[in-house]
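Line by line, the protein sequences give chains A and B. Sequential numbering from 1 applies to the first sequence in UniProt numbering. Sequential numbering from 1 applies to the second sequence in UniProt numbering.
Derived from the structure by calculation, the hints contain no laboratory data. Every residue, glycine too, gets a C-beta built ideally from N, C-alpha and C. Each hint should be verified, as a subset may be incorrect.
[To be verified] Covered by chain B, according to a simulated footprint, are these stretches of chain A (three or more residues, beta-carbon under 8 Å): (1) 59-72; (2) 112-121.
[What the hints assert, rightly or not] DSBU-like mimics (lysine-lysine), calculated; alpha carbons at most 35 Å apart, straight line: (3) B:K19 / A:K62; (4) B:K94 / A:K76; (5) B:K17 / A:K76.
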Amino acid sequence: MALRAALLRHVRIPAQTLNPALTLTGGKWGPPSLRWMSSHDDHLTKSEVTERVLSVVKSFPKVDPSTVTSDVHFQKDLGLDSLDNVEIVMALEEEFKLEIPDKEADKIDSTNLAIEYIYNHPMAGSVCALLR
Amino acid sequence: MSAVSTAAYAARRAAQKEKVRILYRRALKDTLNWAVHRHLFYPDADALRERFETNKHVEDPDTIDRLIENAEASYNKWRHPDPYVVPWAPGGSKFHRNPTPPAGIEIVYDYGKEDNE
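So that you can see chain A by itself, here it is in the shape it has in the complex (with noise of 0.2 Å):
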């Protein structure tokens, strides 16, 4: 006994984290804006948002693909009418699972108007947020 606690006074374990990612902290992330097990994720890139959203713009049936370029009015270059913007407005959101108010959904008329939405919102939803 008294040799057990002898050896515990002079052996000392040096704590670290084994592994980075499962502690709460984490190596490799930043300590402002990610914490473990949040919904907080890092924000979409520009590029990424701009490639979804022409997708969704391209796969709507009354738009022809090949005319879509991340820079035209819905109305105006694509011929659709209002409630058709409506329809887009509402398949962006369900794209990146957002619920944009109605006074500003009214107001994303282009392609551009979009793109700029829905990267500057904060909740905006990357692909894989059901597998987070």
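Position chain B against the provided structure of chain A, taking the given hints into account.
For chain B alone, coordinates are given in the frame of chain A:
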């Protein structure tokens, strides 16, 4: 005088168009709420679109006002009692869960017990 009345007419029409767009948006969302499967949503959405398209060419502002009123009444009558809300939005299942800590608070995980003994 006529310029004023034309401007007033244009403003009234613009307000009506915005009302119709927002009403269509809400009604479309509500259609999605009522549909239990995605494939049931599409015919319902087409029917809704059809109802809006029937009055597309109405020009008289008073008639349009009456139509909008009727449509809003029927929307309110059939509104879903428990609509889908995006989880983080107010009313959603994750609303205010696990909020970010307020600025200025720091959590120290490395207690440093061994070195201060």
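Each hint tested on the structure:
For the segment 59-72 of chain A, the assignment as covered by chain B is violated, since 0 residues bring a beta-carbon within under 8 Å of that chain's beta-carbons and 3 are needed. With a cut-off of 8 Å between beta carbons, the segment 112-121 of chain A has 0 residues touching chain B; three or more are needed, and the interface restraint is violated. Proposed proximity of K19 of chain B and K62 of chain A is supported: the alpha carbons are some 24 Å apart, at most 35 Å. For the proposed pair K94 of chain B and K76 of chain A, the alpha carbon gap of about 39 Å is over 35 Å, so the pair is violated.
Of the pairs offered as hints, the one joining K17 of chain B and K76 of chain A holds, with about 17 Å between alpha carbons and a cut-off of 35 Å not exceeded.
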